[in-house]
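Those protein sequences? They're chains S and C, same order as listed.
Anchor point for the first sequence: position 410 equals 410 in our numbering, and the numbering is continuous, going up by one each time.
Anchor point for the second sequence: position 67 equals 67 in our numbering, and the numbering is continuous, going up by one each time.
Rather than coming from a laboratory, the hints here were simulated on the basis of the structure.
Fair warning: there could be bad hints in the mix.
[As the list claims (entries may be wrong)] Here are the simulated EDC-like cross-link-like pairs (lysine to aspartate or glutamate), alpha carbons at most 16 Å apart as the crow flies:
1) Lys-4(C) x Glu-50(C)
2) Lys-172(S) x Glu-421(S)
3) Lys-388(S) x Asp-444(S)
4) Lys-387(S) x Glu-68(C)
5) Lys-346(S) x Glu-13(C)
6) Lys-102(C) x Glu-68(C)
7) Lys-346(S) x Asp-120(C)
8) Lys-172(S) x Asp-349(S)
9) Lys-388(S) x Glu-68(C)
10) Lys-346(S) x Asp-151(C)
11) Lys-138(C) x Asp-151(C)
[Stated by the list, open to error] Looking from chain S toward chain C, a few residues come up when the C-beta cut is under 10 Å (computed):
12) Leu-141
13) Pro-217
14) Arg-220
15) Ser-230
16) Thr-239
17) Arg-255
18) Ala-256
19) Glu-292
20) Val-302
21) Thr-339
22) His-343
23) Gln-347
24) Asp-349
25) Asn-362
Beta carbons are placed, not taken as given, at the ideal position from N, Cα and C, and that holds for glycine.
What follows is the residue order along each chain.
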Amino acid sequence: MAESLSTLSTHEALTRLVARAHAMGREPEEIPEGETLLREGQSNDALFILLEGTARMVKRGADGGLIPVDLLGPGSILGILSFWTGRPTFSDSVAVNRLRILRLDQRDFERGVADDPEFARLTQQLLVANLSDRYRRVVGLNLKVAGLTRDLEAERNALREAVSDLKQTRNKLVHQEKLATMGQLLAGIAHEINNPSSALMKNVEMLIQEMPDVFEPGSRKRYLLEEGLSAHYATPSETRQRMAEIQEKHPEISRAQCRRLARLPSATLARLSQDLGGTRAEELASDLRVFEIGSALHSIQVAEERITRLVKSLKSYSRQDDGEVRSVRIEECIRDTLTVLNHRLKQYDLELDLPSNLPEVNCRPGEINQILTNLLTNACEATPPGKKISISAGAGEGMLWIQVWDEGHGIPEALLDKIFEPNTTTKSGGGDYGLGLGLAISRDIAVKHQGSLTAGNRVEGGAWFRVSLPLEAR
Amino acid sequence: MSEKIHILCVEDEPDVLDVIVRELSVLEDVFPVESAASSDEAREVLADIEAEGGSVGVIFCDHIMPGENGVEFLVSLRKTEQYRDTRKVLLTGQAGLDATVKAVNEAGLAHYIAKPWDADELVLVAREQLSRYVAARKLNPLPYLKHLVMDLVGDTLRDSLKSDR
C-alpha cells in the first residue's frame with residue numbers, strides 16, 4: 001500500500017476502518033437520537049468511533065446544570081481519555097441525532113493493532129486527527145476567552161464609570177435638596193422675624209416721636225432727650241479722651257459718672273459745664289438718664305433698621321427660584337450674599353468694586369447667589385483673616401462678569417485642571433461644605449445660564465474665579 | 001496706693017460695646033472699665049494702662065471681629081508674661097466647636113459667654129474672674145473687697161490679714 005494514510009479523507013478512512021473491523025468480526029451499531037453513550041464520572045473501556053451523525057459532549061456544572069462543551073461529527077472518537085487513562089469519563093456524550101458508531105473494546109483494539117497494520121495506521125490517523133482537532137479547538141477557545149475577558153473588562157469599566165457618575169449626580173441632587181431646604185428655612189425665619197420686627201419698628205418710631213412731648217418745651221430734660229435721640233456713638237478712644245478731659249477739670253466726679261458725661265456731644269457738655277460739679281451735680285445725674293433713654297431709643301432704632309435690612313436680604317437671598325428667569329440687578333445678588341456671609345467676611349479686608357451702571361442680567365437669581373456663596377466661602381476657607389478678598393463686576397461683549405479673588409493659598413497646581421470636577425477639595429476639615437461639590441455645582445449653574453465659570457491663580461498669590469453670564473439669556 | 005485693676009471690653013459693634021460697658025460700669029468705683037473696638041485698639045489701651053502702672057484683671061472679648069479675631073488676640077495675650085494671669089472671657093454669638101476648643105486650650109480661656117447674655121450674669125462673671133485674678137496675683141484683696149466673691153478670695157484675705165498683724 002503505497003499511498004500515505006494521512007492523505008485519506010475522513011470518509012475514506014472510516015470506510016476502510018469499518019472494513020477492517022468487519023474482518024475482525026466487529027460491526028457498526030446504530031444509536032437512537034437522545035441516547036447517552038458515555039456518562040460523566042463512570043468508567044469506560046471502549047473507544048466509540050463516530051461514523052455518522054452528531055454527538056454532543058455535555059459537562060455537569062458545579063450547580064448541577066448541564067453545560068454543552070463540544071459538538072462532534074463523523075471521524076470523531078469518543079471516550080479517548082477514559083479508554084487510555086482508565087479514569088472516569090470526563091463528560092457525557094449524547095446523540096444529537098441518530099448515530100452510527102463503531103465500538104472497539106480493549107481487546108479488539110489491541111488485537112487489531114497487533115495483527116492488522118492497516119487497522120493500526122487507520123486508528124492512528126483518526127486518533128492524531130482527533131487530538132490535533134481538539135488541540136486547535138482549545139487554542140481557539142483560549143483566544144475567544146481572552147477576547148471575552150477584554151470585552152468584560154471594558155464593560156466593567158464602563159459600568160464603574162456609570163456608577164460613579166450616578167453617585168456624583170445623586171450627591172449633587174442631595175446637596176441641591178439640602179440647599180433648597182435651607183432656603184425654605186431661611187425664607188421661613190425671615191418671614192417670622194419680619195412681623196415682630198415691624199411691630200418693634202413702629203413702636204420705636206412712636207416713642208421717638210412722642211417722648212419729647214412728655215417734657216416741658218425748653219426744659220433741660222427735653223433738650224437732653226432730643227440730644228440723646230440724635231447722639232452718635234463715640235469710638236472707645238474718643239470716649240477715653242473725653243473722660244480724661246472731664247476728670248482733669250472735675251477730679252471729684254466718679255469714673256462711672258465721667259463715662260456717662262463723656263457720651264454727651266461736646267456742645268451739650270459745654271452747655272452743662274456749670275452744673276458738672278457742686279450741688280447741682282446730683283440733679284444733673286438724674287437728668288442724664290433722660291439723655292441715656294434717648295440714646296437707647298436711637299440705638300434700638302438703628303439696630304432695628306439693621307434687622308429690617310437683614311430680613312430683606314435673607315428674603316431675597318433665599319428667594320425660591322421657580323425656574324423663572326428674571327431680569328436682575330447683579331449688585332443686589334452680591335449685596336444679599338455679602339449680608340448673609342457677613343459674619344465670615346468681616347474678618348477680611350473686603351474690597352468691593354461694582355460700577356454703578358451695570359446692566360441688568362437675565363438669570364435665576366437664587367442660583368447666582370448660590371455661585372457667589374460658594375466662591376466667597378471658598379475664598380474665606382483659603383485666606384487667612386485680615387487678608388484681602390475682592391469682588392468686582394463689569395460688562396462687555398454681551399456678557400456680564402463677576403470676579404472674586406483672594407490673597408489665600410491659591411489653587412494647588414495639581415488641582416488646577418480638575419478644580420470643577422466633583423469631589424475635588426483643598427479643604428482638610430470636614431465642614432458642612434466639605435463635599436467638594438460647590439464648584440462643580442457652580443459651574444453647572446453657570447453653564448445652564450449659557451455662561452461660564454473659570455478659575456486660576458493670581459501672579460501676586462491667591463486664586464481668582466470669574467463667572468460670566470450672557471446679557472441676553474435665552 | 002493699691003494697684004488699679006482694670007476691666008477691658010473688646011467688641012467691634014459700637015452698640016454692643018456700649019451695652020457691655022454700661023452693664024459693667026456698676027463695678028467701676030473699684031475696677032475701671034476700658035473699651036476697645038478691635039484687638040489693635042485693645043493693645044493700645046493695654047499699653048496705656050501699663051504706662052499708668054495699672055493692670056488688667058479680666059478681658060471680655062468678642063470672637064468675630066475685623067482684623068485679628070478674639071481668639072487669636074487672647075492666644076497672643078497668653079504668650080505675654082504680664083497678661084498670663086489676666087482672666088480671659090470670650091463673648092460670642094456663633095463660635096463653632098473648633099474656635100472654642102482653641103480658645104480653651106491655647107488662650108487659657110476662663111469663661112465663655114454666649115450672646116445674647118444676661119446683665120446680672122455678666123457682672124457676676126466679672127466679679128468671679130476679678131476675684132480669681134486677685135487671688136492668683138496674691139494681692140491684698142481689701143481695696144477691692146466690695147465687688148469680690150468672698151469664697152474665692154477667702155484664703156488670700158486670711159493670709160493678708162495675718163501678715164498685717
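Evaluated hints:
For a cut-off of 16 Å, the pair hint linking Lys-4(C) to Glu-50(C) stands: about 10 Å separates their Cα positions. A distance of roughly 12 Å separates the Cα atoms of Lys-172(S) and Glu-421(S); the hinted pair therefore holds under the 16 Å criterion. Using a Cα cut-off of 16 Å, the hinted pair Lys-388(S) and Asp-444(S) is violated, with the two alpha carbons roughly 27 Å apart. Under the criterion of a C-alpha separation no larger than 16 Å, the hint pairing Lys-387(S) with Glu-68(C) is consistent with the structure, at around 10 Å.
Simply put, Lys-346(S) and Glu-13(C) have alpha-carbon atoms about 11 Å apart, close enough for the 16 Å limit, and the pair holds. Straight-line distance between C-alpha atoms of Lys-102(C) and Glu-68(C) comes to about 15 Å, which keeps the hinted pair within the 16 Å bound. Only pairs whose Cα atoms come within 16 Å are accepted, and Lys-346(S) paired with Asp-120(C) is rejected, the gap being roughly 30 Å. Proximity of Lys-172(S) to Asp-349(S) is assessed by CA-CA distance (about 32 Å); at most 16 Å being required, the pair is judged violated.
Distance restraint check for Lys-388(S) and Glu-68(C): the Cα-Cα separation of roughly 13 Å lies within the 16 Å cut-off, and the hinted pair is therefore satisfied. Simply put, Lys-346(S) and Asp-151(C) have alpha-carbon atoms about 41 Å apart, too far for the 16 Å limit, and the pair is violated. Restraint check for Lys-138(C) and Asp-151(C): satisfied, since their Cα atoms lie roughly 15 Å apart, inside the 16 Å limit. Evaluation of the Leu-141(S) hint against chain C yields a violated restraint, the C-beta minimum of about 63 Å exceeding 10 Å.
Here the hint on Pro-217(S) is broken, as its CB sits about 29 Å from the closest CB of chain C, past 10 Å. Checking Arg-220(S) against chain C: minimum C-beta separation of about 22 Å lies over 10 Å; hint violated. Hint on Ser-230(S) is violated. Least Cβ distance to chain C is approximately 15 Å, over the 10 Å limit. Taken as an interface hint, Thr-239(S) checks out: its beta carbon lies about 7 Å from the nearest beta carbon of chain C, inside 10 Å.
With a least beta-carbon distance of about 5 Å to chain C, the hint placing Arg-255(S) at the interface is held under the 10 Å criterion. A cut of 10 Å between beta carbons decides the hint on Ala-256(S): the least distance to chain C is about 4 Å, and the hint holds. The interface hint given for Glu-292(S) holds, since its Cβ lies 8 Å from the closest Cβ of chain C, which is under the 10 Å cut-off. Because the closest C-beta pair between Val-302(S) and chain C is about 7 Å apart, less than 10 Å, the hint holds.
At its closest, the beta carbon of Thr-339(S) sits 15 Å from a beta carbon of chain C; the interface hint therefore is violated under the 10 Å criterion. Residue-level restraint check for His-343(S) holds (minimum Cβ-Cβ distance to chain C is 6 Å; threshold 10 Å). Among the interface hints, the one on Gln-347(S) holds; its C-beta lies about 6 Å from the nearest C-beta in chain C, closer than the 10 Å criterion. Against a cut-off of 10 Å between C-beta atoms, the interface hint on Asp-349(S) holds, since the closest Cβ of chain C lies about 8 Å away.
Given the 10 Å rule on beta carbons, the hint for Asn-362(S) is violated: about 36 Å separates it from the nearest Cβ of chain C.
The structure fails to meet hints 3, 7, 8, 10, 12, 13, 14, 15, 21 and 25 from the earlier list, while all remaining hints are met.
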